[in-house]
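A.B. asks: Each chain, written out:
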Amino acid sequence: MNNLTSQSPSRDGSAYGRPAQHSNPLLTQVGPGTPCGELMRRYWHPVAASADVKDLPRKVKILGEELVLFRDSGGRAGLLYPRCMHRGTSLFYGRIEPQGIRCCYHGWLFDVQGHCLDQPCEPEDGRHRENARQPWYPVEERYGLVFAYLGPPEKKPVLPRYDNLEDLAPDQEFWSNVGGFGSTGDNSLQVVPYSWLHMNDNVMDPFHVQVLHSTFSGIQFHQKFALMPRVDFFYADHGVCYSAIRELEDGQEVDRISSWLMPNIMSVPDIQFKAGQSSGVSWVVPVDDSHFVQATVMKMPRGGPGFALRVNGKTWGEMSEEEHQRVPGDFEAQSGQGAISLHSEEHLVTSDRGIMMQRRLLEKQMEVVAQGGDPVGVQFDPAKAVVKVRSGNFYRAARATG
Amino acid sequence: MNNLTSQSPSRDGSAYGRPAQHSNPLLTQVGPGTPCGELMRRYWHPVAASADVKDLPRKVKILGEELVLFRDSGGRAGLLYPRCMHRGTSLFYGRIEPQGIRCCYHGWLFDVQGHCLDQPCEPEDGRHRENARQPWYPVEERYGLVFAYLGPPEKKPVLPRYDNLEDLAPDQEFWSNVGGFGSTGDNSLQVVPYSWLHMNDNVMDPFHVQVLHSTFSGIQFHQKFALMPRVDFFYADHGVCYSAIRELEDGQEVDRISSWLMPNIMSVPDIQFKAGQSSGVSWVVPVDDSHFVQATVMKMPRGGPGFALRVNGKTWGEMSEEEHQRVPGDFEAQSGQGAISLHSEEHLVTSDRGIMMQRRLLEKQMEVVAQGGDPVGVQFDPAKAVVKVRSGNFYRAARATG
Amino acid sequence: MNNLTSQSPSRDGSAYGRPAQHSNPLLTQVGPGTPCGELMRRYWHPVAASADVKDLPRKVKILGEELVLFRDSGGRAGLLYPRCMHRGTSLFYGRIEPQGIRCCYHGWLFDVQGHCLDQPCEPEDGRHRENARQPWYPVEERYGLVFAYLGPPEKKPVLPRYDNLEDLAPDQEFWSNVGGFGSTGDNSLQVVPYSWLHMNDNVMDPFHVQVLHSTFSGIQFHQKFALMPRVDFFYADHGVCYSAIRELEDGQEVDRISSWLMPNIMSVPDIQFKAGQSSGVSWVVPVDDSHFVQATVMKMPRGGPGFALRVNGKTWGEMSEEEHQRVPGDFEAQSGQGAISLHSEEHLVTSDRGIMMQRRLLEKQMEVVAQGGDPVGVQFDPAKAVVKVRSGNFYRAARATG
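Protein sequence lines correspond, in order, to chains A, B and C.
Per this note's numbering, the very first residue in the first sequence carries number 1; after that it's consecutive.
Per this note's numbering, the very first residue in the second sequence carries number 1; after that it's consecutive.
Per this note's numbering, the very first residue in the third sequence carries number 1; after that it's consecutive.
None of these hints come from the bench; they were simulated from the model.
For each residue, glycine too, the CB sits at the ideal point set by N, CA and C.
Treat the hints with care, as some may be off.
[To be verified] Now the in silico label distances, taken between C-beta atoms and shown as ranges:
# : chain 1 : residue 1 : chain 2 : residue 2 : range
1 : B       : 368       : C       : 344       : 27 to 37 Å
2 : C       : 17        : A       : 152       : 45 to 55 Å
3 : A       : 125       : B       : 321       : 51 to 61 Å
4 : A       : 302       : B       : 320       : 28 to 38 Å
5 : B       : 193       : A       : 395       : 56 to 66 Å
6 : B       : 127       : C       : 364       : 28 to 38 Å
7 : A       : 17        : C       : 363       : 14 to 24 Å
8 : A       : 248       : B       : 322       : 49 to 59 Å
Pulled out of the complex, with its shape left as it was, chain A reads as follows:
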């Protein structure tokens, strides 16, 4: 597992003459036609909180594509290619109407499926307008999020449900968020300026919690994180899980199970180590090769306070660069890998096994897609739309360690 390659002794480890390094394009390029981009396009991705799609169009950038999201006065959400097919003006400046969105320049009106309903400057309001079609993508709303499907129409899967989000108690509501919170713990960065893979690598990496979030920076989360766990990684359902078992002083142990689902979905258990199944699901949505947006939906007590992670009383956005140096967190660790890490110089070791499993699964499913198949986790049968989420903090009597 340890593939460190030392330099020849004569070089004495000097940085002089080290070879040029490069990113892994397979795992980081997400645009149309790229292997990872095409894999990603077979799944639904959240693009906005439903509550944020009101009476003004919104810019959305996802998988390298710039789009415009809107909600017509009839309540239907629509996601269109932003350049009006007539002369290219952005529909971001379009006007919301009962039947769709109208371009500001010459008034062409498009519905949520891109049909052109009016061309007011043309003879007879557009005799040939039924031939015109603004490029569009399907959207659906669930859990307070707007999801979009950017793949081939004939491959559109059902929008998944997650068992841990299905039964909302009367005193609960969904906290549904797109943008912010991903790596800073607060709302200061809507779009995170590095590859989605850096965050994705973080999910199946339980060890960094011991260092980055505990011994290194003081206890950032719960003090139980400072205990070094016994970790096991395993493929499960359509993703990777780890079980991190910590032995407690009272003779109990807690098994913290975390899940990553293809291709960019995670469910992390409560960071205060509250017992039971995880109450949320998150997505690491690539904006382009070097930016992503975090989306999260979580069951929360109705009317509860919002939250932001604080270190020494300050949110990430309130800290100076020197304070970030003194108390680094996920953002510093991940942005410190660069806009896109140089994977050729990585030295993956025993504790990186979860990451290797994730990457292997991603690459394998890219091949499945390239060969015309359907990647794991894609479901066409509405009766099978519910996904089981294994994540949670599970307490029990300690077993003997093997």
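Got chain A; can you put chains B and C on it based on the hints?
C.D. replies: Chains B and C in isolation, oriented as in the chain A frame:
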């Protein structure tokens, strides 16, 4: 005229798999040696208001070239390549002297035609200085503007006069402006950050006024714009005109004639629909492929107030992005086409006939230049320097509609 | 010496059709593997003031390479490749420890020579950690500066001493600075945004002082600079010197000797014309092809005031762009040459002989390095580490001019 191409029905208009699009390089590249750049270089272009060229050098960027404009203490304006021919220091930091501009680094002195008059650090103040020549372009001043000619010296035309600017009444003066006002209606953007063609397309597009400036955003200009006109386009002189006839309630009609002259000149009638010939001329001067500067000269009442277009009491620069979304204007429509529009995906229709005529004329004249000829509108005979401007609002008894 | 090429008379010096120009890559490219970059890598360069390397890591960029400089709690300075060899997180966010720097992400600990001392998330804290080596460069401290050597380990020379810095009087101290002061005379620009060569050209150019710093801008330094000197250039030791002799009114003359040492070192005499040897040494350290940092060490009276050049009572950073136009200095002259000057259009003349000598020496030594030799000024014998600095203002009775 309607060349909309629908996708195959199976695709259902999806944005997935749409082909890559591109700009039209012929109409948008303006640097030296490009077809449009060479065409543009056969005409004079305004580069500054005369009143702004005082005792400090000014940076000018036009047609992709960075230059320095100055006025020597003797009153002569000069336009030089900015990098001193000696060691490349910018003459922007040069000192104005009676005979020219002196480089700050080693004191070489150049006159408005680039002759080197002094080299103070050289033996005998530069024994060979008559061999030195700083690259220069000719300038002339008229109507309160400094015009420059960037073409081949042997092809330099006479600087045109415009008949609507020739007879200044005693109570009138020229409002002469370079920078600002182009697409925002105020002074907040000296340089406009998109292709000159977006603004040029706007000139022979009378229909957008009905939508963008009237029904869409409330009445931005005069309420007569809200009436849908009968429009005719025609080639005239060395450009394209349109006649937009609106029938009024009192049995009259108003014929609003707007002109575009090769290659980037327009004269728009009074936007309050005042009767008579247009009182101004404007230029859309390309800075580079994706920026332009608007220049305008207008006859105005002497000592009158300046002006800035206001929407709900606010100038463009005072509005928020949300307000721009709610009340878009020319800037939003044109910048919304991108830095350089993707012309391959345009769908030009009946109402775009004026734009097609302009572009056809531009492309045809590029060929004329490429074959060694002189493009239309270029005049070498000083006796024929006056250009007739047809633009204006002309009222008359309504004719029967054909 | 005068190689001005005039255009053909028919062109009349027009800027139209002038050929495209280019930089000299040989003298301006400093990255690994470039001729100038490899030459530079054979010498020690200052990267920080020792006093600035405290308990937080610092980013250093030099010769196109991004590095991290730190001082372990034991007081040893280290300069490492910044991306942790494990997963690429920047050691800028690492923690200083007694034995080295620990990566924030998974806690790998490296000493100042890149040895990996701990891998806390690995079995047995890293059974194979002795195979891991973080790329590193050697550093040494002297005169209050941290010097780094970025070349091949087997070619590492001794760190030079300078005779004018060796005997510090009891009432003196070193003013040791890296960043700022280079071309602005104040502290407002830590990194200067143009090629190191522009500043390097400035050193052996005594004539610009007459123009830029005297007649042009008023007397910026001492009024003696306004006297035009007799100048002689000569190769000396391992660099170029000039002697600039000014005849004074009292029958004396002052010989102002300035030195440039390979490859980027200068010693300029006191600008108030104080008699005697220069009291300082400066380096023009390339950050990358289009940025540099100035480093200086100077003997100063202990506890004296700091200094910043002022023009009309203002430091460079306090002046407006219009004030910079009216009173340009080194920054304006040099930044006015662009990020990297276009050397193909230079016209070097008699007064540029010093620059030509510098460039010739640089290019010749690049060849020496390319052929496996050691460039001049590189010393491997510690007994010969002291470099003689000739610079100074030397007064004497005036000789008859030849």
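A.B. asks: Evaluate each hint against the coordinates.
C.D. replies: Structure-based check of all given hints:
Between residue 368 of chain B and residue 344 of chain C the beta carbons are some 34 Å apart, a value that agrees with the proposed interval 27 to 37 Å. Take residue 17 of chain C and residue 152 of chain A: their Cβ atoms lie about 52 Å apart, and the range 45 to 55 Å holds. Here the CB-CB span from residue 125 of chain A to residue 321 of chain B is close to 31 Å, at odds with the stated 51 to 61 Å. Remark: the range hint 28 to 38 Å for residue 302 of chain A to residue 320 of chain B is upheld by a beta-carbon distance near 33 Å.
Between residue 193 of chain B and residue 395 of chain A the beta carbons are some 59 Å apart, a value that agrees with the proposed interval 56 to 66 Å. Against the hinted window of 28 to 38 Å, the Cβ-Cβ separation of residue 127 of chain B and residue 364 of chain C comes to about 30 Å, which satisfies the hint. Residue 17 of chain A and residue 363 of chain C have their C-beta atoms about 23 Å apart, which keeps the hinted 14 to 24 Å range intact. Between residue 248 of chain A and residue 322 of chain B the CB atoms are about 52 Å apart, so this pair conforms to the stated range of 49 to 59 Å.
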